[in-house]
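Chemist: Here's the letter readout for the chains.
Number of protein chains: 2
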Amino acid sequence: MSQPSFKPRTIAIVGLGLMGGSLAAACRAKFPRSRILGISRSASSRRIALRKKWVHTASRELKDSARADIVIVCTPVNVLKYLLGKIDSSARPGTIVTDVGSIKGEIVRWAAKKKFKNIQFVGAHPMAGSHVRGIEAACEKLYQNSLIFVIRSPGTSEKSIARVKSFWRFLGGRVIEVTCEKHDLIVSRISHLPHALAVCLMLSVPPQSLDFSAQGFRDTTRIAQGHPSLWGPIFLENRRKVFESLSRFERVIKQFKKALNRKQGALLWRMLAEASKRRRNISSKNASI
Amino acid sequence: MSQPSFKPRTIAIVGLGLMGGSLAAACRAKFPRSRILGISRSASSRRIALRKKWVHTASRELKDSARADIVIVCTPVNVLKYLLGKIDSSARPGTIVTDVGSIKGEIVRWAAKKKFKNIQFVGAHPMAGSHVRGIEAACEKLYQNSLIFVIRSPGTSEKSIARVKSFWRFLGGRVIEVTCEKHDLIVSRISHLPHALAVCLMLSVPPQSLDFSAQGFRDTTRIAQGHPSLWGPIFLENRRKVFESLSRFERVIKQFKKALNRKQGALLWRMLAEASKRRRNISSKNASI
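Quick mapping for you: the protein sequence lines, in order, are chains A and B.
For the first sequence, the positions run 1 to 289 when the working numbering is used.
For the second sequence, the positions run 1001 to 1289 when the working numbering is used.
Please note that the accuracy of each hint is not assured.
What the hints assert, rightly or not - Derived lysine-lysine pairs resembling DSSO-like cross-links, with alpha carbons at most 30 angstroms apart:
no.	chain 1	residue 1	chain 2	residue 2
1	A	Lys254	B	Lys1257
2	A	Lys277	A	Lys257
3	B	Lys1258	A	Lys182
4	B	Lys1257	A	Lys81
5	A	Lys241	B	Lys1254
6	B	Lys1113	B	Lys1030
7	B	Lys1081	B	Lys1182
8	A	Lys114	A	Lys52
9	A	Lys241	B	Lys1277
10	B	Lys1258	A	Lys254
11	A	Lys113	B	Lys1263
12	B	Lys1081	B	Lys1113
13	B	Lys1263	B	Lys1182
14	A	Lys159	A	Lys30
15	B	Lys1117	B	Lys1063
16	A	Lys115	B	Lys1263
17	A	Lys81	B	Lys1263
18	A	Lys263	B	Lys1113
19	A	Lys141	A	Lys115
To be verified - Here are some chain A residues pointing at chain B (derived, C-beta under 10 angstroms):
no.	residue
20	Arg60
21	Leu62
22	Val79
23	Gly134
24	Val175
25	Leu185
26	Leu193
27	Leu197
28	Phe217
29	Gln225
30	Arg251
31	Asn261
Unchecked claim - Covered by chain A, per the in silico footprint, the following chain B stretches (three or more residues, Cβ under 8 angstroms):
no.	segment
32	1154-1163
33	1188-1197
Source of the hints: derived by calculation from the structure; they are not laboratory data.
All C-beta atoms in this analysis are idealised placements derived from N, C-alpha and C, irrespective of residue type, glycine included.
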């Protein structure tokens, strides 16, 4: 990291929910000399962001982002194209734009065709979040030590990519650059698949049995609390890869059922032991779990 | 709860792992006038139990349990029959025996055929535990406020059943009596099914993707860390009901895949919204999650 770090004078955050609110809080703490502008359609979110002093000014007008050196779009993925188009039309040339969306293939392919006039778009996806929504749940530490995927779009300059990486690193993220294809494949496995399974688990257990559930069930299904307005668009945009991951998962279930059906204790043991080993291996790499 | 509470003079705990160790600690705290005897084949577990003053005496001999008014068997389910047979042969008539095992059908049917000479066996299953094993992870509060299923066996007296309920209530449990059939069905859905899914999820994701996993994936798979020596016997004993629960789950997955494949946003939204609502409903019933 020999490049000089990027210190934007004005940071605009579009969308003041859990992700945007936390980002505003982190930016206030880490970039004390920058001006933070929060843009949200929700009057209550703007009020909270101002009251907590996470933003210097709050606006409901997207065009106010034209003043910023960097714009971070923190909205559900299905409105990202629309917002990028609008931002591009009013931005100064060279304005850096990044985001926090969970899928990248479609937006990168779209950006390649569209050819922005003014903005330099570099996608980002912080592996941070919660099943809880809204700025009420936001916190300054959300991105601290979290993995941040950075995904370049064709036509974006190396300098802009370096600046976006520098920005996320400065907020405490562990930045890794991947292609949009690789990104969407990885998240289909480690984020969208477990979410789909948690949802299907909630739907497959008869509600009257849920009253008896203990911590194990609750941990396994925690993420199913996520909101459909966030997750519906994610699943639709990444449907092919999620479909593949689910099919792969179904094959493992079939094997598990076969072991049960045939009372194959040795096969069952091997599956349980291998899963346990792999899971403990994740834990040992991260002291926080 | 008008019946007088049961205060055993001597409590024997067979097996000093997470469950038995925690039980010994809880008994020491809640029954300060009782003598606690810990029985374990592991010298190190006996040493720890003595050092922490969770037991008054520790022994590796099962027959030492003959002195107790109540014996609680805290071992994996596959050795329960063997241990109950041994305890029955040396116990005083009327000795109450309970356990903490995760399945009940097989043991209750076996007990009905066997007809114990001396012991009064009343099965119990506390919905408490952890993926961590061993007395090192034990804690006095494990059973505090946890749901305790109590399952009667044919031939056990009402008085013994009342005493076992009183015992678990005294330790802070919320006792509910169910039939062994109903118990095994409920736990196949809320405990064994999520465990099987967490295991299959760990096995279906290519290991190189696991490095990128964040909190959601980790929560969803936490229970997969459980040890095969505990979970193998549970799955084999409850295999029919787990098989059914898995089949039911597979049908929901098929529906989810269909919604993805046909881009049925409305169906997907309904599934996500219903799962989210059900899961939030569990949370709202229990302030601790």
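Chemist: The structure should be examined with respect to each hint, and the outcome stated for every one.
Modeler: So, going through the hints one by one against the coordinates:
1. Proposed proximity of A/Lys254 and B/Lys1257 is supported: the alpha carbons are some 16 angstroms apart, at most 30 angstroms.
2. Among the hinted pairs, A/Lys277 with A/Lys257 is consistent with the structure: their alpha-carbon atoms are about 21 angstroms apart, no more than 30 angstroms.
3. Among the hinted pairs, B/Lys1258 with A/Lys182 is consistent with the structure: their alpha-carbon atoms are about 24 angstroms apart, no more than 30 angstroms.
4. Between the alpha carbons of B/Lys1257 and A/Lys81 the distance comes to roughly 26 angstroms, so the proposed pair stays at or under 30 angstroms and holds.
5. For the proposed pair A/Lys241 and B/Lys1254, the alpha carbon gap of about 15 angstroms is at most 30 angstroms, so the pair holds.
6. Distance check on the hinted pair: B/Lys1113 and B/Lys1030 sit about 35 angstroms apart at the alpha-carbon level, beyond 30 angstroms; violated.
7. Under the criterion of a C-alpha separation no larger than 30 angstroms, the hint pairing B/Lys1081 with B/Lys1182 is consistent with the structure, at around 21 angstroms.
8. Distance restraint check for A/Lys114 and A/Lys52: the Cα-Cα separation of roughly 38 angstroms exceeds the 30 angstroms cut-off, and the hinted pair is therefore not satisfied.
9. Only pairs whose Cα atoms come within 30 angstroms are accepted, and A/Lys241 paired with B/Lys1277 is accepted, the gap being roughly 26 angstroms.
10. The hinted pair formed by B/Lys1258 and A/Lys254 meets the criterion: a straight-line CA distance of about 19 angstroms does not exceed 30 angstroms.
11. Only pairs whose Cα atoms come within 30 angstroms are accepted, and A/Lys113 paired with B/Lys1263 is accepted, the gap being roughly 23 angstroms.
12. The hinted pair formed by B/Lys1081 and B/Lys1113 meets the criterion: a straight-line CA distance of about 12 angstroms does not exceed 30 angstroms.
13. For the proposed pair B/Lys1263 and B/Lys1182, the alpha carbon gap of about 39 angstroms is over 30 angstroms, so the pair is violated.
14. Annotation: proposed proximity of A/Lys159 to A/Lys30 holds, straight-line Cα distance about 21 angstroms (limit 30 angstroms).
15. Taking the CA atoms of B/Lys1117 and B/Lys1063, the gap is about 15 angstroms. The hint holds against a cut of 30 angstroms.
16. For a cut-off of 30 angstroms, the pair hint linking A/Lys115 to B/Lys1263 stands: about 28 angstroms separates their Cα positions.
17. Between the alpha carbons of A/Lys81 and B/Lys1263 the distance comes to roughly 19 angstroms, so the proposed pair stays at or under 30 angstroms and holds.
18. Taking the CA atoms of A/Lys263 and B/Lys1113, the gap is about 23 angstroms. The hint holds against a cut of 30 angstroms.
19. With a C-alpha separation of about 35 angstroms, the suggested pairing of A/Lys141 with A/Lys115 is violated against the 30 angstroms cut-off.
20. Interface hint at A/Arg60: violated, since its Cβ lies 26 angstroms from the closest Cβ of chain B, which is beyond the 10 angstroms cut-off.
21. At about 25 angstroms, the closest approach between the beta carbon of A/Leu62 and any beta carbon in chain B exceeds 10 angstroms, and the interface hint on this residue is violated.
22. Because the closest C-beta pair between A/Val79 and chain B is about 15 angstroms apart, greater than 10 angstroms, the hint is violated.
23. Annotation: A/Gly134 was flagged as interfacial toward chain B, and the flag is violated, the nearest CB pair being 14 angstroms apart, outside 10 angstroms.
24. The interface hint given for A/Val175 is broken, as the beta carbon of that residue sits about 13 angstroms from the closest beta carbon of chain B, more than 10 angstroms.
25. Below 10 angstroms, beta-carbon pairs count as interface contacts, and A/Leu185 has one with chain B at about 8 angstroms; its hint therefore holds.
26. A cut of 10 angstroms between beta carbons decides the hint on A/Leu193: the least distance to chain B is about 7 angstroms, and the hint holds.
27. Here the hint on A/Leu197 is kept, as its CB sits about 6 angstroms from the closest CB of chain B, short of 10 angstroms.
28. Contact between A/Phe217 and chain B, as hinted, is supported at the beta carbon level, the nearest pair being about 5 angstroms apart and thus within 10 angstroms.
29. The closest approach between the C-beta of A/Gln225 and any C-beta of chain B is roughly 5 angstroms, which is under the 10 angstroms cut-off, so the hint is satisfied.
30. Annotation: interface hint on A/Arg251 holds; nearest CB of chain B at approximately 7 angstroms, less than 10 angstroms.
31. With its C-beta approaching chain B no nearer than about 6 angstroms, A/Asn261 sits inside the 10 angstroms limit, and its interface hint holds.
32. Evaluation of the coverage hint for the segment 1154-1163 of chain B: breached, as 0 residues show C-beta separations to chain A shorter than 8 angstroms, against a requirement of three.
33. With a threshold of 8 angstroms between beta carbons, the proposed coverage of the segment 1188-1197 of chain B by chain A holds, since 8 of its residues qualify and at least three are required.
Of the numbered hints given earlier, the model fails hints 6, 8, 13, 19, 20, 21, 22, 23, 24 and 32; all others are met.
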